[in-house]
Each structure stands twice: as C-alpha cells, then as structure tokens.
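Residue numbers (my numbering), protein chains in the order written: chain A, 16 to 649; chain B, 1218 to 1469; chain C, 68 to 323.
The hints are all genuine.
Computed cross-link-like contacts, EDC-like style, restricted to lysine to aspartate or glutamate with a CA-CA straight-line distance of at most 16 Å: (1) C/Lys141 x C/Glu174; (2) A/Lys564 x A/Asp489; (3) B/Lys1300 x A/Glu199; (4) C/Lys255 x C/Asp280; (5) C/Lys141 x A/Asp537; (6) B/Lys1416 x B/Glu1433.
Computed far set for chain A versus chain C, every beta-carbon distance over 12 Å: (7) Phe292; (8) Leu346; (9) Gly422; (10) Ile574.
These are computed hints drawn from the structure, not numbers from a lab.
Ideal Cβ positions, reconstructed from N, Cα and C, are used throughout, including at glycine.
The primary structure of each chain is shown beneath.
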Amino acid sequence: MTFEGLAFQALDGLASASSLFFVAAGLSLIFGVTRIVNLAHGSLYMLGTYIAVTLVTAMGGAGDAFGFWSGVLAAALIAGVIGAAIEVVLLRRIYVAPELFQLLATFALMLIVNDATLWLWGPEDLLGPRAPGLSGAIEILGREMPSYDAFLIVVAPAVLGLLYVVFARTRFGALVRAATQDREMLGALGVNQALLFTAVFALGSVLAGLGGALQVAREPANLGMDLSVITDAFVVVVVGGMGSIVGSYVAALLIAEVKALCIGIGVVGFAGFAVNFSKLTLVAEFLVMAIVLIARPHGLFGRAQVAVRGAAEAEAEMEAPIRPASRALALFGLAVFGALLLLPFSARAFPYALVLGVDVLIAVLFAASLHFIMGPGGMASFGHAAYFGLGAYGAALLVKWFAAPMGLALAAAPVAAALGALLFGWFSVRLSGVYLAMLTLAFAQIVWSIVFQWQEVTGGSNGVLGIWPSAPFDRLAAYYLLTLLVVAVGVWLLRRILFAPFGYAMRAGRDSPLRAEAIGIDVKRVHWLAFALAGTVCGVAGGIFAFAKGSISPETISIGRSIDGLVMVLLGGVGTLSGPLVGASVFAVLQDFVMQETEYWHALLGGIILVLVLAFPSGLVGAFLRLTRRRRFL
Amino acid sequence: MSAPPATPKPPAPPALAVGHLDAWYGAAQILRGVTFTVGQGEVVALMGRNGAGKSTTMKAVMGLLPRRRGAVRVYGRAVSGLKPFEIARLGVGYTPEDRRIFSDLTVLENLDAGRQKPRRFADGTPAPTWTREDLFKLFPNLAELRHRLGGRMSGGEQQMLTVARTLMGNPLVLLLDEPSEGVAPVIVEAMADTILELKNRGLSILLSEQNVGFAEIVSDRAYLLEKGQIRWAGTMAELTENADVQRSYLTL
Amino acid sequence: MNGLIVSSLSKSFGAVRAVDNVSFSVDGGEFLALIGPNGAGKSTCFNLINGQLVPDAGSVRFGGRDIAGSPARKICRCGIARTFQIAATFASMTVAENVQMALIAHEREIYRLWRRANSFHRQHALELLRRVGMHEAADRPCRELAYGDVKRVELAIALAGEPRLLLMDEPTAGMAPRERRELIALVKALIVERGIAVLFTEHSMDVVFAFADRIIVMARGRLIADGDARTVRNDPRVQQVYFGTGRIAERSGSAA
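Work out the full structure: start from the sequences and follow the hints.
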C-alpha cells in the first residue's frame, strides 16, 4: 500500500464521517437536554434516506439540481417534524420515568417505525439518483474521488461550525446548556421549557434526517439502516463524550478513519500469516472505544454527568429488603417444579407442550441471568444476547469443527460466554446507566458482526447446522428433563448467591457506590465478577438452546433477543426476585402463539412494550404485589 | 405604612394573595390550607422550623409542585393553574434555597437566562427594570466575575447571582427562599441590605427565614408556619416582643 | 504519632487555588472542626484527605503512611471511616443488614457465595446499633427511616470498620437543631469512649462552639486560624471573612 493510497483512504474516511457525525451530534444533543437516549434516532436517519429517495425522484431525479437539493432539505425537515411529533406525543409522558424505561420506549418506537417503513416502502432496497453537478469525480492524489464525497467532507465542518456558534454564542444555546442541568429552574425563570425541549428534539431529528438524506446519493435506502447507524452513533458518542458536539465530530472522524485505514491496508502478510485488515473494521472500532474508555471513561470531550434537576425525581418505588421465600412460596415453587417434571406424561395429549416447555425454560434462565445484574446489580445490559450467542456458538462450533460430544459442547458454552463477559464486562462496569446500556449494546453488535462476517468459521448468515443432542437426549422428553434440571439449578444458584455476601455487596454497590467504597468494597470488581457470572449462566442457556434447535444463526446474538430479555424482566417486574421467571414464561408463551401470526410482529412487540412502559411500570409481579400487599413474601 | 392616596380608589388587590393552599409530595400532604397576603411594596417573612413547609409554600406558589390545590393570585389574577414559566412571566421571581445556578454557564449567561421584558405595576407606573450593568452596581462582586463559570463561584457569590438572575426578569413580586441559609455572616449582612434596597424600589417580597435576627431587620410582617399550617400572623415588631410565640414555633 | 498529619496540601482547579498550602493535624480522641465561608476550600480539603481528589502537592499522613490519592476503599483499610453530607446508606437493605454489610466488608468476606449474608455478624451489628440508639429499628428497611435516624445508622456503619479517624462532611446538614445537638453529642461521647480522632466541617456555629475541641478556619483556600473556640471567635481575620460585624445575630428565636 502506497502513501498516496493510504491518504486517499483517509479522505474517503472523512466523507463517511459526515453522516455519522450528523446522527451522533443529534443523538448527543437530544440526550444532553432531555437525558433520553433516543434509540429511535437511527429510525429518523433511515426515514431521512427513504423520504429523500421518494422526494428527489418525484422532483426530477438526477437531472434537476434544485429538485435534488430541495428534496434533501425537505427530507431533513420532515424528519424534524416527525421527531417533534414523537417528542410531544410520547416522550413528554416518560421524562419522569426511569431511564431504562425511556430506552425501552424509544426502542419500541424504533420497531414500530421500522415496520411502518416496511409497510410504506416495501422490503426492497431503494436506490436514489446521483446528485446533479456532483455525480462526477475529481482527481486527488492520482485517483478518482466522487465529487459528492468531496462535498460531504466540506459540509460536516460547516455544520459543526454553525452548531458551535449557535450553542456558544446565542441565548438559545445558553438556555439549551442550562436545560441540560436544571430544566425546572429554567421554567421558574420564565422560559417555556416544553417548547425548548421540542425545539431541541426537532433540531436533533433534523440532523439525523439530514445525515440520512445526504446518504441518498451514496447508498440505497434499506431497512437495516436504523440499527446499523444507531450502533455506530453509540460508539461515536461514547468515544466523543455524551453531550459534546465537538466530541461527536472528532470521534466520528476517528472511527471513520480507523475503519477506512483498515480497508486501505487490506491483506497484509505477517510472518507467514495473511491478515485481512478490511475484515477487522468492527474489531478496530471496538479497540478505539476500549482505549478511549480506559483513558477517559466519559469520552474524549465528555464529563461525568450530574443528575439533572427536575428530571426523574419521581423515581420508581424503592425496592424492599429481600427476604428468603416464605414456606408458602417455597412449597409453591416445589409444586411448579413437580408439575414441570410430570409434563412429559402429557406429551401424547399435547405434543407441542414439550417444545414450548424447552423454549420457556431457556427464556427463564436467560431472563434470570439478565435480572441478576439488572435488578440487584443495577446494570441494565442492552446486549445480554451476546453471552447467549457466545454460549450457543461455543457449543455449536465445537460440534461442527471438532465433532465434540454433547456433554463437552454443553460444558464449553458457559466457558465461551464467561470469557466474553469477562472481557466486555470489564469495560461495561466502568460506566453506568445509559452509558452502560449503550456500551453493552455496542459489544453485542460487535459479537454479532464478527459471527456474521467470519463466514469460514461461523457459517455467516447461514449459521451452524446439525447440532443434535446425543442419546439418550435425542428424545424430546429426555432433553426437556435435562433442560428443566439445568435451568432449575441455574435459577436456584443465582438466587442463593443473591442472598449471600456477594449478592449483598453487589446490591450495596448499586444502592450507594460511595458508601460501598467507603467501607472497603471494590464496587467495580464486584460488579465485574457479577457481570461475568450472569454472562456465564446465560451461556448455559445458549448451549441448551443450540442443541434444542439443532441449528443456530446470528439471530441468537441479535439486538432483538437482547431486548426480548429486557422485556421479560420488566414484564415480570425488575424489583422482585420471582418477576423474571414469571415475565419470561409469559413472554415466551406469547411469542410462540401471537407473534408468529403477523408479518408486522416487530410493531406488535413495540406496541406491547409501550403499553408496558406507560401502564405497568412495575411489571406483572409488581402489580400483583401492589394488589395483594404481600411483597415481602416473594 | 405609606401615606394614604389623595383620591380614594377601590382597594387594589395585594401583590400576592394565597388562599387555602394545599400541596403534596408524593402521597404526603405537606401544606394544609395555607393563607396569607403580601401587600404592594411589603416584605413579608414566612417563618418556621425545618420541614414546616416554607420552601414548599414557595414552590407551590411558583407552580413547581405536581400536586397542589388552592387559590394563588398575583395582583388579583389567578395563577394557580398555570405552569411555572407562565407564572414567572406574570412578574413573579423565585430564588430557590439551594440557588440552582447554572454551573456550566458564565455569570453573564446565567443573567441572560433570566432575562424578561420590562413590566408595569398594577397602577400603571413602570416597575424597576434591571440590566446587567444595573445589577453589577447592586452586586459589585459579580462585576469582577462576569466571565466566571457559575460552578466556579463560592456559595456567597452564587447567592448574589441567584438573586441577580431573578431580577433580570424584572419581577414585581419576589420569592426569596432562605437567603441567609448556609452563607457566611458577612454575606448575610450584604443580603439584608439588598432586600431593603429592593423594597425601596417598590418590589413586594416574600421571604422564607428561620433566623429571627435577619427577619426583623428586613421584614414588615411575619407568618409562622408549623406542620404546613399558618399558626400565627402579625407585624415583625409583635413577633420580636412575643417570646411565647417564638418559643412555640421557632425555638428548639 | 497516631493521628492525621496534613502538610502543605495544595490543589488547583484551573487558575483557582482551591486549597493553598494547608497544614494541620488531628490527634486521637480529638474533635476538630473545619469551618469557613462557602467556597473557602473546605470540601476540596476534605476530598483530598478522603481520597476522592489527588493533591497537586503536599501529603496526608495517617499512621505513618502517606494516603493522599489512594482510592476510598484503601483509605478505609487504614482505619479511616467517613460520613457523607447527604447520608449514604444502602436503601434496599434493613438497618441491621446495612451494618452487617460493613462488617462483612471489614472482615473481607464479600466474595462468599453460599451462606446467607444476614447470618453474618448479626450480634455485633446489633451492639453497634444499640450504641447509636437504633437497635429497635434493626429489622426495618433503611429507606423508611427519618433522616436523622439514617444519620445515626450511617454512624454505626462507619464504626463497623473500627476506625481510628472519622471524617464527617457537614454531619448535621439537613437536620433540625435539636437532632443536630443530639447527634454531635453522641459523636463526642464515642470519641471519648474509643479514642477516635474526628475531623468535621460544619456550618452550624452553636454545634461547633459547644462541642469542638479545636477549630481551624479556612478562607480562599488558606488556613487563617487554628485554636480553641475563644481564640477563633476573637480573631479579627475570622470575623472579617466569616462572622461579619455581628449586626445580625443568628438565632432561631429568643433564648427561652
């Protein structure tokens, strides 16, 4: 690779950084003021592209410069209007909700928007016209660079400068900065904060829409854009520092450059090995983030966030002290276990019961392991599927490549998950709240991408086929009983640990990190080990899953599965120990029966999440307890 | 008391009239039927022990509590259903007990955040308006710090800034929540001088205070709160003379 | 030397010298108050001693070791406990479990995975709670307690580590005057009984003058006075920066 070649790749990176910067800046801006991490921000980006394709095509396509640019701008503005509508209709209702609920609500929105886009524009990728006047190329460093890319390189710093002036020099900017700290006081000074919030949300949405609309001449509109851009934007925002516009720009550049250079370097021989750097882009992104987080936990330009005044002060009801199960509950638990043991005898009457039973049990272990860190640990992982997937792939790949027997493969599942959880957890526990959520989500996406891209080993999108249990577990009833036993032991162990000093230390670190450190608890270490433990148990669930299905695909690591876990925990109630068990059972049954009935089940799931967040914030078990006032027995 | 006007007019409504005010934090009722008035140009002290409901009363007047009930009138206009920013725009200025300076904003930006249009009193005469330069004259310390970030100021300086920021809104009625709390005695003295100056310029002031020493220097009348109810009302002179009342509602 | 020795401690934030060459010491059994106007550098000074901030210069020696800049959990291991301005306890645990947690941490048992935590050191926890007058509330959830009681529980938690030095940042903030006096009287009794050294910051002058053995005064980052109540009260510099002319008496009612 020549120097000119690398320099040219660097320029290409600059062009890619532009759209990423717009999206990340908008995300960061909205977070700064509303303290909501808007997962649906990627949807606004995607809508920006789709709307631009439609408008630009309708207004004369590539032949008409005025039509093209007004179409792009109109798409950005429409995204702004949609954003403002989202703020007014939905987000205003959840500003006082716990941040986890806010994340879920915006995720629900993302699901709904995605299905709405599918319904409006169809599943096919849509190509937009080239930009009039910029469809050619200019020669730089002896190579052809698309003029449009050159245009993008210039437009990002221009927007950055504009934003900087607005925020540093105008009263509006000062008010926005004031609102990030104390919105209630701003109201008492005569500022209409509701309007200010809507304005900021609209501005952030315009930025996302603009980022998407400008992509119209670069890539086809497709339904995967929302998720892929929001993951990248998360990494950018974490690296740049939440709330810093300049940070977003620098980080977008950094990430885009590192990726571009990896592609530019291509295949390099090292001591006889050929390393293909262009496949390492995601790993490189991860490395950049890891290095930045070690050096500066709040990002390059970020600062520790202070609690915002007038925000979530009506926090969720505090959790009661945990108590061992009452006699009645213990008997009830045993009775349920006994009934489940007898389930195989009903197989003749209900042949589907055992299949469903295995699904439900796997869901229960998945949810229980997530609840372990999320409830008592206070670490809401948005990427718990990573450890499920590592477990599943750990087992499946052993079978595929080494023809390992089932016992060995099942034992390897938690080991693979534990290694991943130890690595990712080490970074994750350094952050908290929404930062932790974003980081765990980004890690899960990275695992997903590696599995997806490393086709030679993992089978890529086809996954791994033919992982069947060996005798005697090749009979469904036997496999069901194995699953029941493993899940019961797993759930019981997690529960036992919660009552032991380690579980208390984890809760102590959640309740009051200051106090916990002051009495000598290494809170990060305790939370790290807890994270690894939860990942390990989740890996067990993944291993069982692989053999239950006979084949696995990257879907086991998808964000959708991570979110399913969150919904299960919240459905049951995060503040109770039995909540995740109930939530997982209800959810798994629902999914089996209802979700497969409709093509738009994403939207349906989104709707369920919204109802849950808005109407049952303490979950089914929480609502039941409130009804019966017997919380301390569970 | 000022001299009676030359021509008799219908009695003007007080600057602030609060009637039967109830307020809640969550499920707990904090205020029970609080009733009081602040006349035009008057300084009224709302006194009582910690937790008696002084700050809650101010927040309830300002519309900062989600759940409140009762009548709040500003120059006769009912404001109890309005949002905080709407109440502020009617000329009610609020300085909170914990100051709530915007720490990432400079002194100048903090002042700009409070800026509102000029106003007139109920009788049509122009009310005092404040520019940044006026306030730098009133609080000379702030003038030297104009580019300092709010978060980098001492508590006493922040206390001045929070009052100055409220004055930028050209208020007619001022709610001062514990201006003497948690600052050094020298600052307390400066604060007392400022309050008397504002009274001279015609502002009507409601002051929450625990310190009788401070209240007696600046206030005309006082109301004593206990457990969210008004237990005593009278002039400041009556209060300073009445050791029994002080013992019952203030001394610990 | 058993106590805390702070020498030439300095810390700047940008151009502001928050703590400027401050030196003082606290002996075992001594109740030392740190007072001064807001922004004088009290909190910064405090956070330099408890490890939350790393000093630019100077040392904080305790028991012969320089502890400046060590993480909080290491400082705790040296025999230093602290209470916070806003009491920090574990809200999802009972009162007794709060103290048991501290004892478990002190005994380095937090990585135990099997036995129930609330069976560890229960008697010892109850004794500590009895000492602060909270044993009757032992099995109540900590989040249900009145604020003054939470402060007492926090004190029991601090005592669980058998500290030789206790750092108290505005221990009576947010408390009613009667509660203030009772809490500080309790602390004073503990100091005498256990020979603990205590450094505390405080705004309530009645508490300081009634209980502190010695008072140090900070202003604009510097130490401007060090002595007993009478010396400090009569110091003209202290009067100028802190007490003022005395024109406005601080009282919550006429003395009855």
